[in-house]
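Visitor: Line order of the protein sequences matches chains R and D.
Heads up, the first sequence is in the numbering used here, so the first residue is 1 and it goes up one at a time.
Heads up, the second sequence is in the numbering used here, so the first residue is 1 and it goes up one at a time.
Careful: at least some of the hints might be erroneous.
[Claimed, not checked] Quick list of in silico lysine-lysine cross-link-like pairs, DSSO-like style, CA-CA up to 27 Å:
1. D:Lys129 x D:Lys111
2. R:Lys284 x D:Lys111
3. D:Lys72 x R:Lys188
4. D:Lys130 x R:Lys172
To be clear, the hints were calculated from the coordinates, so they are not data collected in a lab.
Here the structure is a predicted model, which means the values were calculated and not measured.
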Amino acid sequence: MLGAELVVDCLLKEKVEVVFGYPGGTVLDLFDAIYKSPLRFILTRHEQGAAHMADGYARATGNVGVCLATSGPGATNLVTGIATAYMDSIPMVAITGQVPTAMIGNDAFQEADITGITRPITKHNYLVKNIDELPRIIREAFQIASTGKPGPVLIDIPKDIQRGHTDVKWQKEIEIRGYKPTYEGHFKQIERAVKAIHEAKKPVIYAGAGIVASEAAKELKEFAEKTGIFVTTTLLGLGGFPETNPLSLKMLGMHGTKYANYAVMEADLIIAIGARFDDRVTGKISEFAPHAKIIHIDIDPTAIGKSVRVDIPVVGDAKMVLTQLNKMVKKGDIDEWVNKIEDWKKKHPLTYKNDGELKPQYVIEMINEVTKGKAVITTEVGQNQMWAAQFFNYTHPRTFISSGGLGTMGFGLPAAIGAKIGCPEKIVFDVAGDGSIQMNIQELATAVCNNIQVKIAILNNNYLGMVRQWQELFYGKRYSQTCLSRNSTCPKECNIPGGKCPQEIPDFVKLAEAYGAVGIRVEKKEDVIPALKKAIETPNTVVMDFRISKEENVFPMVPAGACLREMLDGLA
Amino acid sequence: MKHTISVLVENKPGVLARISGLFSGRGYNIDSLSVGETQDPSVSRMTIVSRGDDAILEQITKQLNKLIDVVKVQDFGDKEFVDRELMLIKVNFNAQNRPEIMQIVDIFRAKIIDVSHTNLTIEMTGADKKVSAFLDLMKPFGIKEVARTGKVAMARG
Chain R
1 MLGAELVVDC LLKEKVEVVF GYPGGTVLDL FDAIYKSPLR FILTRHEQGA AHMADGYARA
61 TGNVGVCLAT SGPGATNLVT GIATAYMDSI PMVAITGQVP TAMIGNDAFQ EADITGITRP
121 ITKHNYLVKN IDELPRIIRE AFQIASTGKP GPVLIDIPKD IQRGHTDVKW QKEIEIRGYK
181 PTYEGHFKQI ERAVKAIHEA KKPVIYAGAG IVASEAAKEL KEFAEKTGIF VTTTLLGLGG
241 FPETNPLSLK MLGMHGTKYA NYAVMEADLI IAIGARFDDR VTGKISEFAP HAKIIHIDID
301 PTAIGKSVRV DIPVVGDAKM VLTQLNKMVK KGDIDEWVNK IEDWKKKHPL TYKNDGELKP
361 QYVIEMINEV TKGKAVITTE VGQNQMWAAQ FFNYTHPRTF ISSGGLGTMG FGLPAAIGAK
421 IGCPEKIVFD VAGDGSIQMN IQELATAVCN NIQVKIAILN NNYLGMVRQW QELFYGKRYS
481 QTCLSRNSTC PKECNIPGGK CPQEIPDFVK LAEAYGAVGI RVEKKEDVIP ALKKAIETPN
541 TVVMDFRISK EENVFPMVPA GACLREMLDG LA
Chain D
1 MKHTISVLVE NKPGVLARIS GLFSGRGYNI DSLSVGETQD PSVSRMTIVS RGDDAILEQI
61 TKQLNKLIDV VKVQDFGDKE FVDRELMLIK VNFNAQNRPE IMQIVDIFRA KIIDVSHTNL
121 TIEMTGADKK VSAFLDLMKP FGIKEVARTG KVAMARG
C-alpha cells in the first residue's frame with residue numbers, strides 16, 4: 001500500500017469522522033488519497049482555523065480531533081492551535097507534510113523543523129523516517145492523544161514516505177514502554193481523603209476540566225449530593241456540574257462569583273478534582289485558601305504540588321476516583337457552613353447595571369433563555385469569554401468551549417464550526433468580541449460553504465475590551481491601542497468613546513453578507529430576543545452585531561496578584 | 001541542593017532535545033548531563049546532575065516521567081549510589097615541574113596519555129570531589145584545556 005493511502009486507512013480504522021485541513025506541496029499525495037477515500041474533509045481558509053476546528057470538535061464530542069497541513073508555513077500556522085489544545089489537554093492529532101527525507105536539514109522550500117518547534121506544545125510528536133513504522137506511529141499517536149491526561153500529538157510525514165510502499169498494517173494492540181497513566185486512586189489515599197471529608201466542617205469541591213475529560217459529571221453530582229458539599233468549577237470545568245443545582249457556586253477565580261471565592265478562602269477542606277490551581281483561579285498563591293487542607297485528585301502527577309502544597313494527593317482518573325469515593329462517603333457535620341454559603345449566595349449574586357443600554361450580560365442571559373440553556377457556547381477570549389462564562393447557566397459537560405489556558409483570540413469561530421460538525425443536532429453559538437472575531441473571520445467561508453450553521457454573537461464595543469478594562473482600572477485610563485475604531489485622524493491621546501469617533505471597520509453585517517452568511521445588527525435591548533430567535537430559525541450561519549455599551553466591565557474582578565477576597569465590584 | 005538523577009530513555013533521535021527542552025522550558029538547572037547506550041541498545045541512560053529545592057526536584061522527576069520517551073527515572077537523592085566522571089586535562093610543563101606533576105598524577109591514580117614538548121594530557125576518573133581536587137592542584141602549572149564527561153551514576157547493591 002502507498003504511504004499516503006495507509007495514512008488514510010489508519011485514520012478510518014481509528015474511526016476518524018472528519019479531518020480539518022489545507023493542502024500544499026508536501027501533502028499532495030495525502031490529498032490524492034483523501035480524494036479517493038470516504039473520509040470527510042473540511043477545507044478551511046487558514047491552517048490555524050483547521051487546528052481550532054479539530055479542537056472544538058474534540059471538546060464537543062470527546063473524540064480525537066484531526067487536522068492536516070502542509071510543511072513549512074502550513075505546519076507553523078497550526079502552532080497556535082496546537083498550543084491551545086496542549087494548554088487545555090484536548091485530544092488532537094495534527095498531521096503535517098514534510099520535505100522528502102533526503103532534503104531534511106537543507107533549508108528546502110517550505111521546510112520547517114516542526115517536530116522541533118512543537119516539542120514543548122505537544123504531548124508527544126513524531127517524524128516518520130521509515131514507512132514501516134507509519135501504522136504503529138499513527139496508532140500510538142491516537143492512543144497517547146486520547147488517554148491519560150489527553151493532549152495534542154503531531155506526526156510529521158515526509159513526502160517520500162507518503163509515496164513509498166509497505167505491507168505493514170494498522171494494529172489495534174500496541175505497547176508503549178514509557179507510557180502508563182494511573183487511573184485508579186491508591187486505596188490508602190482514598191481512605192485518607194474520606195476521613196478528611198468526614199471531619200471537615202467547611203468543605204468545598206473545586207472541579208476542573210478533568211471532570212469533563214473523564215466524563216465524570218454524573219459521579220461528581222452523586223458525590224456532591226451524597227456529601228452535601230458545594231461545588232465551584234473552573235472556567236473549563238463549566239458544565240461539569242449543573243449550575244442550576246442548588247449546590248452550585250458557579251465559577252471561582254479572577255472573574256468568579258463572590259460566593260465561590262469567599263467559600264474557597266474560608267474553607268477548611270478543598271477537594272480539587274481534575275483542576276490544576278491555575279493562577280487565574282488562585283489569585284495570590286501564598287494567601288490562597290489559608291485555612292484549608294487540600295485533597296488533590298488529578299491524573300497528571302505533575303499537576304499535584306506544582307503551585308500549592310497538597311495534603312492528600314490522589315493520582316488517578318476523576319471518574320474512577322469519584323466512583324471509589326462515592327462508595328465510602330457520607331454527609332459530614334456541615335450545616336452551619338451550608339447556611340453561611342446560602343447566605344453569601346443570596347447577598348452577592350452575579351449582577352450588572354441593567355439599565356436602558358444594551359448590555360453584554362443581558363445578551364448572554366437571553367441566549368440562555370432563548371435556547372433554554374441547551375446551546376453549545378464557544379467563546380473568543382477577553383470580556384466576551386468571561387460574560388459568556390458568568391451569565392449562561394451551564395448544565396451539561398461539553399457545552400462550554402473556550403481557550404482557557406492559552407487564551408487564544410480567534411479560537412471561538414473555528415471551534416464553533418468544529419463543535420457543530422461534532423454535534424449537528426445542537427445549536428452552537430460563538431460568543432465573540434469585535435476584536436477576536438477578526439482573528440479568524442475567514443472561517444466564515446468554511447462555515448457557509450459547508451453549510452455548518454453556527455450563530456455568532458459579536459459583543460461589539462469597538463474596543464479590545466478586556467485590555468481596555470485593565471487600562472481603565474490599573475493604567476490611569478490610558479487606552480493605548482485598544483480602540484478598534486481609531487484611525488489616523490484621531491488625537492494621539494483619547495479615552496472617550498463618543499459621537500465624533502470614526503466609522504467602525506469592518507461593517508460586520510456587510511461582511512457577513514459578503515461571505516454569504518446572514519448579518520443582523522442589534523442596537524436596542526428590546527431587539528435582542530427577536531434577533532436571537534431569527535438567528536436560530538435562519539438556516540444559515542448568522543452574524544449578530546450587538547452594539548453593546550462601550551465601557552462595560554467584567555465584574556467581580558480579582559486584580560492580578562491580589563488574593564481572592566479582594567474583589568473589585570463595579571456596583572460600588 | 002544538588003541531585004543526581006538517572007534517566008532511562010528510548011534510544012531515538014530527538015530524545016536529548018526533549019529532555020534538555022524540558023529543563024530549559026521550565027527553568028530548571030542542569031549542572032551536567034551525560035548520555036550513553038545501555039546493555040539494551042534500544043535504551044540509553046542519561047545521568048543528570050541538577051539543583052533546586054525539594055519541590056523543584058519533585059517536579060523535575062515527575063516532568064521527566066511524563067515524557068513518553070522516558071522509560072524510568074531514578075532520583076538518587078540521599079540514597080546510596082556510586083558515581084564517576086572522566087576528565088581529560090592538558091597542562092603546561094617544563095623540566096622543573098615535570099616530576100611534581102607526575103607525582104600528583106600518581107597519587108590520584110591518573111594517567112598521562114599524551115606528551116609533547118610543552119604539554120601533557122592527563123586522563124583521570126573519579127567522583128566529583130576527587131576530580132575537582134585534581135583540577136585545583138593542576139592550576140598552578142597552567143591548564144590549557146579541560147574536557148569532562150559529566151557524571152555517570154548507579155545505585156549501590
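Visitor: Evaluate each hint against the coordinates.
Guide: Quick rundown of the hints versus the structure:
no. : hint                : result
1   : D:Lys129 x D:Lys111 : holds, 18 Å
2   : R:Lys284 x D:Lys111 : violated, 57 Å
3   : D:Lys72 x R:Lys188  : holds, 24 Å
4   : D:Lys130 x R:Lys172 : violated, 53 Å
This entry does not satisfy hints 2, 4, going by the numbered hints stated previously.
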